[in-house]
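Sequences listed follow chains A and B, in order.
Position 270 of the first sequence, counting from 1, maps to 270 under the numbering used here, and the rest follow consecutively.
Position 371 of the second sequence, counting from 1, maps to 1371 under the numbering used here, and the rest follow consecutively.
Bear in mind the hints are in silico, worked out from the structure with no lab data behind them.
Values in this document were obtained by computation on a predicted structure and should not be read as measured data.
Heads up, a few of these hints could be off.
To be verified - Output of the computed footprint for chain B on chain A, the stretches with three or more beta carbons under 8 angstroms from beta carbons of chain B:
{"no.": "1", "stretch": "174-184"}
{"no.": "2", "stretch": "399-407"}
Stated by the list, open to error - Here are some of the chain B residues that sit facing chain A, going by a computed Cβ distance under 10 angstroms:
{"no.": "3", "residue": "Pro1026"}
{"no.": "4", "residue": "Phe1061"}
{"no.": "5", "residue": "Leu1116"}
{"no.": "6", "residue": "His1139"}
{"no.": "7", "residue": "Asp1141"}
{"no.": "8", "residue": "Asp1144"}
{"no.": "9", "residue": "Gly1226"}
All C-beta atoms, glycine included, are put in the ideal place defined by N, C-alpha and C.
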Amino acid sequence: MSGAITDFGHHDAHYEPKGLGRWLTTTNHKDIGILYMLFGLTMFLLGGLFAELIRAQLIHPSNHFLTPEVYNQVITLHGLVMVFGALMPVTAGFANYLIPLMIGAPDMALPRLNNWGFWLLPPAAIVLVLPFILKLFGIGNGPVDTGWTMYAPLSVQGGPGVDFAIFAIFLLGASSLMASINIVVTIFNLRAPGMTMMKLPLFVWSWLMTSFLLIAVFPALIAGSAMLLADRHFGTHFFSAAGGGDPVLWEHLFWFFGHPEVYILLFPTAGILSHILPTFARKPIYGYKAQVYSYWAIAALSVVVWAHHMFTSGMPVAGQLYFMYSTMLISVPLAILFFCWLATIWKGSLTFETPMLFALGYIVLFGIGGLTGLILADAVADQQYHNSFFLVAHFHYALFGGPIMGVIAGIYYWLPKITGRMYSEPLGKLHFWLTMIGFNITFMSQFFLGVAGMPRRIPDYALQFASLNLVSSLGAFLLGAAQLILVYNVIRAAAGFGKPATSQVWEGAQGLEFTLPSPPPHHTFDEQPVVA
Amino acid sequence: MVKPKQVILGSAALMLISGAAQAHNPFEFQTPVTPIARETLYVHDLFLTIAGILFTIGFGFLLFAVIHYRRGRGHTPATFTAPRTPLQWALSALPILTLMFIDYIVMGIPAYHAVLSLADTRNDAALVIKVTGSQWRWHYDYPDQGISFVSNLSTSEAQRDSGAPTDSNYLLEVDKPLVLPVGEKVRVLLTSTDVIHAWWIPSFGIKQDAVPGFLRETWVKIDKPGVYRGQCAELCGVGHAYMPIVVEAKSQDDFKKWVADAQASAAQAAAVTTLSKEDLLKHGQQTYTTYCALCHQPTGLGLPGAFPPIAAGKPFAAPPTMTDLLAQRGFFKNGLIAEGPVDQHIQIVLKGIPGTPMPNFDGQLNDADIAAVITFERNSFGNHTGDVVQPSTVKAARGK
C-alpha cells in the first residue's frame, strides 16, 4: 500500500519535459540558470562586437568607419549591453544554478517568478538593440546615443531610441527585482538543516548582498527613467531648468543606482573567487567572517558615495569633502577581501588549472582597478581624470579585470559540474594568457591616453593621441578574438565532448554541489542533506 | 607622430617606448601652469608612487605564493583560517592601518587643501569671464569689458576627411581663442544653453561642467604666456569631438591691448546696417559652414530623421515634437520643409526649437550673421525665394 503512494509522489516529482518545451516553460532552477548564462554569453559577444567597432573607429585619427551619430550609439549600446545584458544575467545564472545546490534546497523558493524574471530579459534586449538593427535597414534614426549614463537634458532631446532604452530599463529592472526577491527568500527559507547563516558558502553570501543592493537601488533608476519619459512626452520638467527642474537631479538618481551597480557586478564574482582559491590551494578559505563583514561594509558604503561620479558637476565644498572621504573608506573592506584572498593561497599546495589562473588574474587586474579608483576619489585630482581615458581604463580594470575575469573563472570552474564534461585545459590556458596580454595592451595604454588629456566618448581625436590609440585598438582585437576560445570550450563541453567529470570535479573542491553527480540530476536533493 | 609602420608591433613594451617618445613623462599630466594643476600633479605623482609600492607588495606576495607554494614542490597545505597569535593579529591589522593612514593623512590632507583652494573662486579675482557651452561651440563673455564672441572649431573639412590629418593642432584649433591675462586670478563662470558640457583644459587642471539653467564657477591663474588647448569633456551629442577650447594667455600689457582692439571691432560690427546681396551671400555661406553644416550638412540635405534638410523638395520624417512647431510656422507641409515665411525663419534661428537639438542663436550670432545666413539659406540648395534679409530686420525681430 504505502509503496504505491511513494511511487505516485516519486513519479510526479520527476516529471521531466523534453525538447524545446522544456526550455520555454521550465521552472527548474538549473534550466533557468543555464538560460540566463546562455543569454549572458550571447550578449557578451554582442557587447564585445560593439567594443570592437569602437576600437576600429579609434584606430587612427580622421577615421570615417563610423559616423559620429553611429559612434555615439555604439558606445552607448556597448555599455548598456555589457552591464545589463551580459554581466548581470550571467551572475544571476550562477545564482540560479548554484544557490539551491549550495544550500541544499530542491529548487528556488519561487520557481514561477523565476521563469517570468528570465523571460523578461530577451524582450528587454530586443527593445534595446532593435533600433540599431532597424537603422541598418534604413528604418528610424537608431538606438539611444547618450552614453550609458543617459544624462539629461541630452536624453530629453534624443530620438525615439531613448524611449526604447527606457522601456528596456523598466523590463530589466522588473527582472532584476524578481530575481533578487527570489534569491533572498530562497536563502532565508530553504537552507538545509544545519546550514546556519554563518555557514553559507561565500558565493551565497555575496549574492544575498547583491540582492539587497538591487532591491535598494534599482527603483531609483526606474523612477528616474519614468521621470525622463514624462519629460520627453508628457510636458513635465523634472530635468529642465527652464521649467523649474534640475538637470543634475538625473545624475543623482542615476548614480544612486549606478555606483552600487558596480558592487552588484562585483560581489558575485568576489564570492566565486572565494570558492576557486581554496579549491586549488587545497586549503580552507581564510577569514570567512572577515569577508562576510566586508561584504556588509561594502554594500552599506556603496549606497552613500554615489556623488563621487559628479565631482565636476559643481558640488558645494562640504559635499565634495564628504563624498571624497567616504569613497576612500571603501578601500578598507576591499583591502580586507584582497588580504583574505592572498592569505588563502599562502602556504597552500597550489595547482594552476584554468579557473585558478583566471582567479589570480582577477586579483592582479582588479587590484590595479581598485588602486586607481582610490585616486579618483580625490575630488580635485578627479577633475583631471573624470571623463578622460584614464577613467575608461580604470573602470575596465575594475569591471573586466574583476567581474568578467571572475565570471570566466566561474564558468571554467563549474562547467564540468554543469555539463558533466571537462573543457580543454590547453585551450583554457591559451584563453587566459591571450586575455591577459590583450587586456593589458588595450587598457594600460588608455591610462596614458587619459593622463595625456584625451576625453572619452569622442569619435575622432588629436594627433598626439594617435600611437597609443593604435596600440589600444590592436590589443582590443586580440582580446576580442581570445574570447572565441571560451565560446568554443563551452560549446565543446555542452555538446558532450571532453573527458567525463567526476562528482567532485576538482581534487580540492568542497561544498554541497560537489556531492552531486556531474551533471546533477534534473531534480536534486530527494533527501534533504544535513550540514554538520 | 609615430608612423603606422613603427606601431604595427603592438606590444606593451613598445607602448612604453612610444609614450616616452612624446618627450614627456607618460605618467604625468600635460605641463601644469596654474596652482590647481600643480596641486593635482603633486597628488597624482604622490599617489602613483604609493600605488606602485602597494601593487608591488601585493603582487610580490602573490608571486611568491605562486612560485613557492606550488604542489609540484611537495608542500603540505596549512589549515589556518584566521590569525592565531597576537603577532599575527598585529600583522593583519597593519595593512589596514597603513591604508587608513594613506587615505586620510598622506592623501587626505593635500586633498582637503586642494578642495578648499579650488572652491575659492572670488577672493582677489581680477577678471570675471563667462563661458557658455552650446551644441557644439563655446561662447565667451567678458561682462566688465563688454566683449563677447563665439569660438568655433577651425580645423578644415579637408583635414577631417583626409583619413590621415597632418596638422599638429588637428581638432584642437579654433577661429577665436579665449584670451586671458597671465599672473592674474580669473574667475570663470559657466553655463550652457542646451545640454551639459564640460570645460576642460588639462594644463590648467580644471574641468567644470556647464549646466543649463545654472551658474557654475571655477578659477585659473596662469603662470606664463602661451596657447593652451582642451576639449569638451561631457558627451553632448554628435558634435562632442568637435568642441575644442583654446586659451591664449597674454602678458597683462598685451591683454589690455587685446581688450581695446576687441572693443573697437565690436563697435564696428554693431554699426553695420545695410549690406549688398553678394556680401550677405558670401558671409552667409561662411556662417552656414561654421554654425549650421554640422547638423544640416554642407549639402543642406540634413540627416534623415534627426536633422531636417534645408535643400528644397527633400522630404523629412521626424517625431511631432520636432515638426509641430515647424508646421505652426508654415515650415512643414506634407513632409517637406517648405520655404516658410521669412519672419518665422528669423525667429527659428534666433530662438531655436525647444525640445529638439535646434539651439537658439540669439546669443551666439550678431544681427549681420543671422541676416546673412538666412539670406544664404533662402537662395541656395535649390531654394529661390530671392529674399534679402538685412541686419536691421534681425535687430527688430530680436525683441519679438
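Hint check:
Three residues within the 8 angstroms Cβ limit are the bar, and the stretch 174-184 of chain A against chain B gives 0, so the coverage statement is violated. With 0 residues having a beta carbon nearer than 8 angstroms to a beta carbon of chain B, the stretch 399-407 of chain A misses the requirement of three or more and the stated coverage is violated. Because the smallest distance between the Cβ of B/Pro1026 and any Cβ of chain A comes to about 5 angstroms, under 10 angstroms, the interface hint for this residue holds. The beta carbon of B/Phe1061 is positioned within 10 angstroms of a beta carbon in chain A (closest approach about 5 angstroms), and the interface hint is therefore held.
The criterion of a C-beta within 10 angstroms of any C-beta in chain A is met by B/Leu1116, whose closest approach is roughly 7 angstroms, and the hint holds. For B/His1139, the interface hint is violated, the least distance from its beta-carbon to any beta-carbon of chain A being 17 angstroms, above 10 angstroms. Using the Cβ-Cβ criterion of 10 angstroms, the hint placing B/Asp1141 at the interface with chain A is not satisfied: the shortest such distance is roughly 19 angstroms. Taking 10 angstroms as the C-beta cut-off, the interface hint given for B/Asp1144 is violated, the closest approach to chain A being about 23 angstroms.
Hint status for B/Gly1226 relative to chain A: violated, with the closest Cβ pair at about 15 angstroms, above 10 angstroms.
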